[in-house]
Every structure is written in structure tokens, then in C-alpha cells.
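Protein chains in written order, with the UniProt record's numbering: chain A, 1 to 207; chain B, 1 to 106; chain C, 1 to 616.
Worth flagging that the hints you see were computed from the coordinates, not collected in a lab. Treat each hint with caution, since some may be false.
Lysine-lysine pairs mimicking DSS-like chemistry, simulated, CA-CA at most 30 Å apart [what the hints assert, rightly or not]:
1. C:K530 x C:K608
2. B:K75 x A:K168
3. C:K26 x C:K599
4. A:K168 x B:K77
5. A:K18 x B:K75
6. A:K18 x A:K168
7. B:K17 x A:K24
8. C:K487 x C:K608
9. C:K490 x C:K608
10. C:K530 x C:K271
11. B:K23 x A:K178
12. A:K18 x B:K17
13. A:K24 x C:K608
14. C:K26 x C:K418
15. B:K17 x A:K168
16. A:K178 x A:K98
17. A:K98 x B:K17
18. B:K77 x A:K98
19. A:K98 x C:K599
20. B:K77 x A:K18
21. A:K168 x C:K608
22. A:K24 x A:K98
23. C:K608 x A:K18
Pairwise CB distance ranges, derived in the manner of DEER restraints [unchecked claim]:
24. C:Q373 x A:A56: 33 to 41 Å
25. A:Y119 x B:E21: 34 to 42 Å
26. B:Y51 x A:I72: 38 to 46 Å
Beta carbons: idealized from backbone N, C-alpha and C, even for Gly.
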Amino acid sequence: MSHDYSLNPEKLHEDPAKVTHEGKNKFIGLWVFLGGETVLFASLFATYLALKNSTAGGPSSQEIFGLELVFIMTMLLLTSSLTSVYAIYHMKNHNFRKMQLWFGITAFLGLGFLACEIYEFAHYITDYGFTFRSSAFGSAFYTLVGFHGGHVIVGMSWLIALMVRNAKRGLNLYNAPKYNTFALYWHFIDVVWVFIFTVVYLMGMVS
Amino acid sequence: MGENTNIEKVNSFERQKNREEMKRQFILFASMIIFTILAFLLVAWDMDRTYVIPIIIVLAVIQVAFQFFYFMHMKDKGHEFVSILIYGGAWIAFVMAICFTTIIWW
Amino acid sequence: MSLASAQKKGFGAILWDYLTTVDHKKIGVMYIAAGAFFFILGGIESLVIRVQLMVPENDFVSAGLYNEMITMHGTTMIFFAAMPILLGFMNVAVPLQIGARDVAFPFLNALGFWLFLFGGILLNLSWIFGAPDAGWTAYPPLSTQSPGHGTDFYVMALQLSGAGTLMGGINFIVTIVTMRAPGMTYMRMPLFSWTTFVTSILILFAFPAFTVALFLLMFDRMFDSAFFDIALGGNAVIWQHLFWIFAHPEVYILILPAFGIFSEIFSVFSKKRLFGYTSMVFATFLIAFLGFMVWAHHMFTVGLGSVANAIFAVGTMAIAVPTGIKIFNWLATMWGGSIRISTAMLWALAFIPSFTIGGMTGVMLGAATADYQYHDTYFVVAHFHYVLVGGVVFGIMAGLHYWWPLMFRRVLNETLGKLAFWLFFIGFHLTFFIQHFLGLMGMPRRYWVFLEDQGLDLGNLVSTIGAFFMAAGAIVFVINIIYTAVKGEKAPQDPWNGRTLEWAVPSPTPFYNFKQLPLVRGLDPLWIEKMEGNGKLTAAEPLNDIHMPNGSIIPFVMTVGFFIASLGFIYQYEYPIAYLALYGGMAIGIGGMIVRSLKDDHGYYVRKEELEGEVE
Numbered sequence: 001m002s003h004d005y006s007l008n009p010e011k012l013h014e015d016p017a018k019v020t021h022e023g024k025n026k027f028i029g030l031w032v033f034l035g036g037e038t039v040l041f042a043s044l045f046a047t048y049l050a051l052k053n054s055t056a057g058g059p060s061s062q063e064i065f066g067l068e069l070v071f072i073m074t075m076l077l078l079t080s081s082l083t084s085v086y087a088i089y090h091m092k093n094h095n096f097r098k099m100q101l102w103f104g105i106t107a108f109l110g111l112g113f114l115a116c117e118i119y120e121f122a123h124y125i126t127d128y129g130f131t132f133r134s135s136a137f138g139s140a141f142y143t144l145v146g147f148h149g150g151h152v153i154v155g156m157s158w159l160i161a162l163m164v165r166n167a168k169r170g171l172n173l174y175n176a177p178k179y180n181t182f183a184l185y186w187h188f189i190d191v192v193w194v195f196i197f198t199v200v201y202l203m204g205m206v207s
Numbered sequence: 001m002g003e004n005t006n007i008e009k010v011n012s013f014e015r016q017k018n019r020e021e022m023k024r025q026f027i028l029f030a031s032m033i034i035f036t037i038l039a040f041l042l043v044a045w046d047m048d049r050t051y052v053i054p055i056i057i058v059l060a061v062i063q064v065a066f067q068f069f070y071f072m073h074m075k076d077k078g079h080e081f082v083s084i085l086i087y088g089g090a091w092i093a094f095v096m097a098i099c100f101t102t103i104i105w106w
Numbered sequence: 001m002s003l004a005s006a007q008k009k010g011f012g013a014i015l016w017d018y019l020t021t022v023d024h025k026k027i028g029v030m031y032i033a034a035g036a037f038f039f040i041l042g043g044i045e046s047l048v049i050r051v052q053l054m055v056p057e058n059d060f061v062s063a064g065l066y067n068e069m070i071t072m073h074g075t076t077m078i079f080f081a082a083m084p085i086l087l088g089f090m091n092v093a094v095p096l097q098i099g100a101r102d103v104a105f106p107f108l109n110a111l112g113f114w115l116f117l118f119g120g121i122l123l124n125l126s127w128i129f130g131a132p133d134a135g136w137t138a139y140p141p142l143s144t145q146s147p148g149h150g151t152d153f154y155v156m157a158l159q160l161s162g163a164g165t166l167m168g169g170i171n172f173i174v175t176i177v178t179m180r181a182p183g184m185t186y187m188r189m190p191l192f193s194w195t196t197f198v199t200s201i202l203i204l205f206a207f208p209a210f211t212v213a214l215f216l217l218m219f220d221r222m223f224d225s226a227f228f229d230i231a232l233g234g235n236a237v238i239w240q241h242l243f244w245i246f247a248h249p250e251v252y253i254l255i256l257p258a259f260g261i262f263s264e265i266f267s268v269f270s271k272k273r274l275f276g277y278t279s280m281v282f283a284t285f286l287i288a289f290l291g292f293m294v295w296a297h298h299m300f301t302v303g304l305g306s307v308a309n310a311i312f313a314v315g316t317m318a319i320a321v322p323t324g325i326k327i328f329n330w331l332a333t334m335w336g337g338s339i340r341i342s343t344a345m346l347w348a349l350a351f352i353p354s355f356t357i358g359g360m361t362g363v364m365l366g367a368a369t370a371d372y373q374y375h376d377t378y379f380v381v382a383h384f385h386y387v388l389v390g391g392v393v394f395g396i397m398a399g400l401h402y403w404w405p406l407m408f409r410r411v412l413n414e415t416l417g418k419l420a421f422w423l424f425f426i427g428f429h430l431t432f433f434i435q436h437f438l439g440l441m442g443m444p445r446r447y448w449v450f451l452e453d454q455g456l457d458l459g460n461l462v463s464t465i466g467a468f469f470m471a472a473g474a475i476v477f478v479i480n481i482i483y484t485a486v487k488g489e490k491a492p493q494d495p496w497n498g499r500t501l502e503w504a505v506p507s508p509t510p511f512y513n514f515k516q517l518p519l520v521r522g523l524d525p526l527w528i529e530k531m532e533g534n535g536k537l538t539a540a541e542p543l544n545d546i547h548m549p550n551g552s553i554i555p556f557v558m559t560v561g562f563f564i565a566s567l568g569f570i571y572q573y574e575y576p577i578a579y580l581a582l583y584g585g586m587a588i589g590i591g592g593m594i595v596r597s598l599k600d601d602h603g604y605y606v607r608k609e610e611l612e613g614e615v616e
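So here's chain A without its partners, still in its complex pose:
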């Protein structure tokens, strides 16, 4: 294998994620993908906005949403966004161990978020009988928030696979772009959540 992906100490790169041609492609490609994701979530948000009052006699948003849990979830996800920034910061300094550590914290926070979301859904279903099938509002709510949750699951699987796969190899020009694209994706998940907590929960709580 003549292709050399190792980080060359003589000629240090500012950003190991964007040195190789493949790295640049991945970087642009992920951004382009996020452009498409914007429209995907825009469609889901728009559907939710259209159906948020269609409770069909079932529970309404004011009745079921609680601020505390959403606040905890928001803090978990926002903080995980910051920790991934830290991880990328250490990647740029070529410090693999610290990068893994901060990504590990990111994964931990992300899993915490997921646990809260699962608890939240279970709570709505058992305590309020509010399901995917109870009204158009229910369908739209679970679809929008569930799509976001699905993205979190994908992100977590991605991150854990990356961390395990590269645990023994250290940072090189082959896997740096992969970590970098994950971080971008993760920030985007956070962006979507900012709108979800604002549009779905906060606006749903305002009487």
C-alpha cells in the first residue's frame, strides 16, 4: 500500500480532515447532504405546523408537554454539540486520545438524550393515551420528533462505530475526515432540535 495516510510530522496540516482529495469530497458531500436534510425537516415541520391543532378530541399539546424534561433534553443535546466541538479542536491539534475522550462524552450525552426521549414517548402513551394513531396531531408529532430521534440513533451508531473501529489505529488522514463529517452531522441534529424545542414544545405550551 503506497498511499500514505499517516500524519506527517514534518509537514503538519492545519486541518487533517481536509488534506486528502477524499477528505475534501466527504466534507463538501456532507454539507450538500445537510442541504437536503434541511428540506426533509422543513417538510416535517411544515406538516406539524399544519396539523398541530388537529387533536380530534384527544389530548392537546398544552395538556401533555412538560417543560422540565424538554429542558433537560435540550441541555444534553446542546452540551453534546459543544463537546464535539472540543473533540474537533483536539483533532486539529492532532491529539487523538483527547479527541476520543470528548467524542466519548458526546456519545454519552447523546445516549442520555435518547433515553429521555424514549421515556417521554412512553410517558405520553401510557399516561395520556396519546399515540401515533390517536389524531393527526399525534401522527405529526411522533413523526417529526421521531425522525429527529432516528437521526440521533443513526448519529450514535455512526460515532460508536467510528470510535471502536479506530480506537487502536489513532488519527490519520483516512479517518480524520470521517470524524469531521460526523461532527458536522451532529451539529445539524442539534440545529434541528433547537427548532423542535422552540416550535413544538415551547410554542405548544404557550396558551
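Following the hints, position chains B and C against chain A.
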């Protein structure tokens, strides 16, 4: 294939630059947390919805701008094309939101 | 990896080669071949429709089968014929035009192709189990209440192929952004590359809306959600909006690449630089932008209110401006040029009046008040066939003649080509021109019979006769392909006296495209070199090892997995055993993703010494 290259030799200029960047990121993060708390408090205080809703939407947009421009580095060089794409997506999202809140029901 | 391995290979080896290929040229050819197959299927369906409508109160097919025919005809032609063939052209031509060795994500490119193909297979499998019958637009509540599994097949097939198309779009955006040859600035790109770029952006922004729409329909049909269920507070208009937010840009996704093909052809066969290149690029962007803002003109009669209708009507009419810019630029390109009327040029010439008629009726339909008269009549059918056949199909035919030597090292027979053209051209206008009048007389679309003596008899008969002319044209074209394959002479490297980089590579195109990346010195780079006497491009780099991606069977395996999972989704609410297919298929698909992620794949190198050994 590349060996484990846990290099500690990144030159000091880069290091300094990265550190300052990180400091700025942290300040931004703190302000995002404040915005979030503010938004939650506005709702918890049960104020008039005509004021609350525009304010929390503006707060959300600012937060998202921080995420894109600083956390995702959209302000940096080499992001000209991708920012056009994101603006495009945001514009479509805006148009869709307007449409679905105005002409779906009649 | 030997370069001389292309000599004699067994069938199995060739099949394996194509199943695992990540070469954009082979993928392009596969796109075109598969698209042509679905094109024939869609064509047969259209003939069934026309035979049914040949005489009043015909009973050639039953009402239910007729509904399936119109649904499958529309869906097949849009998603599985026109789009893949255009994606095929993009694959074949764009990397060569911009001077790249491959696309940015060869693996993704292969995955996109297989997803499209298996989506098409899934859709047509429904002929055995009951085809979709809610129209290609699948409006609920018709689509949510449509019995059987037809609409489920529609949903899953389009979900599969839509994901593939989205991958293709992302791939081309990145390819064009990062992989242009040295000197190939954006404003030196050939217009087909430009339209590919803009089309890909449209794909990127349009398809996710459709993905969501399909998910909502899927949830409503399969998992009892209530998006379109009025009783539970749902709203059927949401589907219409999401669908048209996607489907209106979709028509530009189809027509813009065709515009690009025509721009290339007008320029080459007039032996002139494209007139108004900058304004062409600008107009392409303007069409794309406006194309996103006008979707509700498909919904004027829904009752959106006069303000909304007025806004969308004005936006719609505004699109005529950039389209007009393009038409005039093409005319001006030919003005004073030394025109050669080859078959490709013939299709391009026929496109201008045909498409202009379609554009004009488009403005008529865009007038919201008048649209209440035209809506859901044959006037609409005539309009969109003028745009889609007169624009897209003519573009595909022109592109096939133009790029055939590049793809297959043969020049299609000109005599047969011209015969096919005239049959198809006459048949096309015979079929669809009269439909304007049928529509104005009040004949609604999608009705399986019409009554006698209402002034519709003759028009429908003429239309059916025209359809058979078109079929004859298509058959002559198929004969031409076979004839050329058997008898045709080997094509020269540059049969049309081309202007762009794809005609500068040796024939057959080596799998690495360019031994050395070319230095581009301006618009129409090959032409510049020809005018300055050397006729060959200057290399931008010394001869060096070339990095190429490895082939992989994983895209195919993943697609098979998702295909099986789709069947599982379709049948799970009726037969619990189908969960086996659902989970099993998903496991295969996701397993493929995992293998791809965990296994390093660095590609391989074509050695400098090997390249030096190659004769030009």
C-alpha cells in the same frame, strides 16, 4: 498504512490559533445556553403569546446561526458554496412554513 | 489489475464486472439501458391507453385496468425512463466534460443506480400482484383508500429509487465542485455540465419533500396514522403541497439536462460557440429558482384563495422569461453558423417549435382564472406531453445520437435515424396537438371511456393513429441500434468535430479517462486547441500513478436487501410472516453499510509504467 500518529508537535502558531478559536466557541456556547434558558423562562412565565412566540423564534434563529457559522465553521473560508446551499435550504424551509400555516386550511 | 484485461471475457466475468463496477461510464450505460427498458414498458402502457380511447365506449380494457395503466404509464415514464436516461447521460458525459477521472463518490454512484433499478423492478412487479391505480400523483384519499397493495408498491418503489436519485444528485454536485480539471473554471464548463449541476441542486432540494410525502402516505396506509384522515383531523391537501413541492421542480429536473444536451448539439452542429453562454447559465439558475416557487399552480382549483393563486400565477408566468432567453440563444447560435443537419441536430431543431408550443400552453395554464376551465382536461395532458416529449424525449433521442459514439464506439445509422425521427415527430404532433382541442371541448383526463357524438370521436381516433406512428418511430430506432451494432463501422474518436473535452479522450475511453489531466484554457477547450493547430490538449500534470476506486459488490447486495425489506413493508400489515422479509432485508442492507464502513478501502493505483506502455 499510517501508524498511530499521536503527534504533539503541531506548531505553536496553529496551537495558539486553535486555542483562541476554542475560547470563542465556548463563549458562544454559554450565550446559547442563556438564550435557551431565556426562551424556557418566557414560556414558563406564561406571558402573552403575541410577544412570546416571535421572541422565542428569534432566539432559536440566533442559536441556529451560531451553530452554523461558528460550530460548523460556515463563516470560514472554503464554505462559500456550502453556505449558498444552506441558504437555499433555509429559504425553501421558510416558504414551506409560510405555506403550511396559511393555505392548508380554509 | 492489467489494462489489457478487456479482451475476451466470459459472460460470467462480464456480468460480475457490471455488478461490481464503480466506473461512471459503465454505470451511465446501465442507467441508459435500464431506462430504455422501462421506456418501452411505459410506451406499451401508453398504447393500451390510446387503443382504449380510439373509439367511443371502447371495452379494450376494464376501468380498473385503465386506471392502473395511466398510473403506471406516468410513474414509469417520469421516474424510471426519463430520469435514469438523463442520469445516464450525466454519468457518461459530465466527468469527461469537466476533465475528471471519476465522480466524487463512485461507490455511492453504483448504489444509486442499483436502488433506481430495483425500485423500477419493484414497481413493475406490482403488475403480478395488483398495480397502483391512484394516478402518478397518488392524491389521498384516493390513494389511502385504494384497495390491494398497488399503492404500497408505488410508495416503496419510489422511496427506493428516490433515495438512489438523491445520492446521484449529491454525487454530481460534489463532483462538479471539487473535481474540475485545472483551468476548468465554473464559467468554462460546457452547458450540459452546468445544467447537470443545477439539476442536481434541484434533486437535492426537491426529493426530500417527496421522501416525506411518501413516508406520510406509507404511515397512513401501513401503520394507521392520520395525516390524511379527515375524521382524525388530518388534511389531504398536505399531500398535494408536498407532492408538488417535489414534482414541480421534478419537471425542471427533467427538462434542464435536455436543455444542456441541446445547447451542446446546437453549438457543435452549427460550428459556432454557444450564443450568450453567460445568459444561458443565468437563465438555468433562474429557472431552477422560480421552479421552486410555483408548485401551487397545480392546485389552483383546490381553493387556496385568490391571493395565493395570484402569487403563484405570476411566478409561473415569470418562468417563461428565462426559458425564452434560452430559446433565443439557441436560435442565435444557429444564426450564421455552418449548420449540419445530422439526426441529433434534427431532433434539436424539432425541439424548438414543439417545446415552445408546450411553453405557451404552460403560460395559458398558469393564468389561474383560465385554469378553472383547463384543469383536469386533455388540454393539460397535451401541454405536459408537449413539454415532456417535445422537450425531454427529443432531448434524450438527440443525446443518444450525439453520444452514441462516445458510449459504444459506433455512429448510429443516419438514414434509419432520420426515418425514426420523422415517424416519431409526425406521430407526436398527431397524437398530442389534437388533444388541446379535445381538452378545450371538455374531455376530462383519466376517464376510461367517452360517449359517442360529442365531437370527441375523430380527435381521439387521430390521436391514437399518431401514437402508433410514434411506436413505429421507436421500433425503427431499436432496429437502428441493432443494425449499428452488427454492421456499423468503428467510430472515430471525434466524429462530430466536437468542442468539449469528452471528444478529446481516446476511443474507447480508458477506464481512468485521462492519462494526464488536461489543462483547460477556455470555454470549448478542445475547439480552442483545434483552432490553434495542435488539436490535442496540453497536459496539466506530469505522467504519474493514477488513483482509482475499487469495484464492489456491496451496493448491489445492499440494494437487494432494501428491496426485500420493501416487500416486507408492503405485506406486513396483512401477513405477519412478511416481517421476516422486512427484518431480514433490513439486516442485509444495514449489514452492507456496516461492512462498507468498517472495511478500509483505499482504492488502487494504475502504475506509471503501465500507462507508458499503453499506445494512444
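The hints, checked one at a time:
Restraint check for K530 of chain C and K608 of chain C: the C-alpha separation of about 28 Å stays at or below 30 Å, so the hint holds. For the suggested pair K75 of chain B and K168 of chain A, the alpha carbons sit about 34 Å apart, so the restraint of at most 30 Å is broken. Restraint check for K26 of chain C and K599 of chain C: the C-alpha separation of about 25 Å stays at or below 30 Å, so the hint holds. Proposed proximity of K168 of chain A and K77 of chain B is contradicted: the alpha carbons are some 33 Å apart, above 30 Å.
The hinted pair formed by K18 of chain A and K75 of chain B meets the criterion: a straight-line CA distance of about 16 Å does not exceed 30 Å. Taking the CA atoms of K18 of chain A and K168 of chain A, the gap is about 22 Å. The hint holds against a cut of 30 Å. Only pairs whose Cα atoms come within 30 Å are accepted, and K17 of chain B paired with K24 of chain A is accepted, the gap being roughly 22 Å. Note on K487 of chain C and K608 of chain C: the hinted pairing is violated, with a Cα-Cα distance of about 37 Å set against a maximum of 30 Å.
A distance of roughly 29 Å separates the Cα atoms of K490 of chain C and K608 of chain C; the hinted pair therefore holds under the 30 Å criterion. The suggested pairing of K530 of chain C with K271 of chain C holds, with an alpha-carbon distance near 12 Å, which does not exceed 30 Å. A distance of roughly 24 Å separates the Cα atoms of K23 of chain B and K178 of chain A; the hinted pair therefore holds under the 30 Å criterion. For the hint pairing K18 of chain A with K17 of chain B, the CA-to-CA distance comes to about 17 Å; that is within 30 Å, so the pair holds.
Restraint check: the Cα-Cα separation between K24 of chain A and K608 of chain C comes to about 25 Å, which is no more than 30 Å; the hinted pair holds. For the hint linking K26 of chain C to K418 of chain C, the alpha-carbon distance of about 28 Å falls within 30 Å, and the restraint holds. At most 30 Å may separate the alpha-carbon atoms for a hinted pair to count; K17 of chain B and K168 of chain A meet this at roughly 29 Å. The suggested pairing of K178 of chain A with K98 of chain A holds, with an alpha-carbon distance near 17 Å, which does not exceed 30 Å.
For the suggested pair K98 of chain A and K17 of chain B, the alpha carbons sit about 18 Å apart, so the restraint of at most 30 Å is met. With a C-alpha separation of about 26 Å, the suggested pair K77 of chain B and K98 of chain A falls inside the 30 Å cut-off, and the hint holds. The hinted pair formed by K98 of chain A and K599 of chain C meets the criterion: a straight-line CA distance of about 24 Å does not exceed 30 Å. For the hint pairing K77 of chain B with K18 of chain A, the CA-to-CA distance comes to about 12 Å; that is within 30 Å, so the pair holds.
Restraint check for K168 of chain A and K608 of chain C: the C-alpha separation of about 34 Å exceeds 30 Å, so the hint is violated. Distance restraint check for K24 of chain A and K98 of chain A: the Cα-Cα separation of roughly 24 Å lies within the 30 Å cut-off, and the hinted pair is therefore satisfied. Restraint check: the Cα-Cα separation between K608 of chain C and K18 of chain A comes to about 26 Å, which is no more than 30 Å; the hinted pair holds. With their beta carbons about 37 Å apart, Q373 of chain C and A56 of chain A fall inside the hinted range of 33 to 41 Å.
The hinted range of 34 to 42 Å is satisfied by Y119 of chain A and E21 of chain B, whose Cβ atoms lie roughly 37 Å apart. Evaluation of the 38 to 46 Å hint for Y51 of chain B and I72 of chain A yields a failure: the beta carbon distance comes to about 26 Å.
Checked against the numbered hints above, the structure breaks hints 2, 4, 8, 21 and 26 and satisfies the rest.
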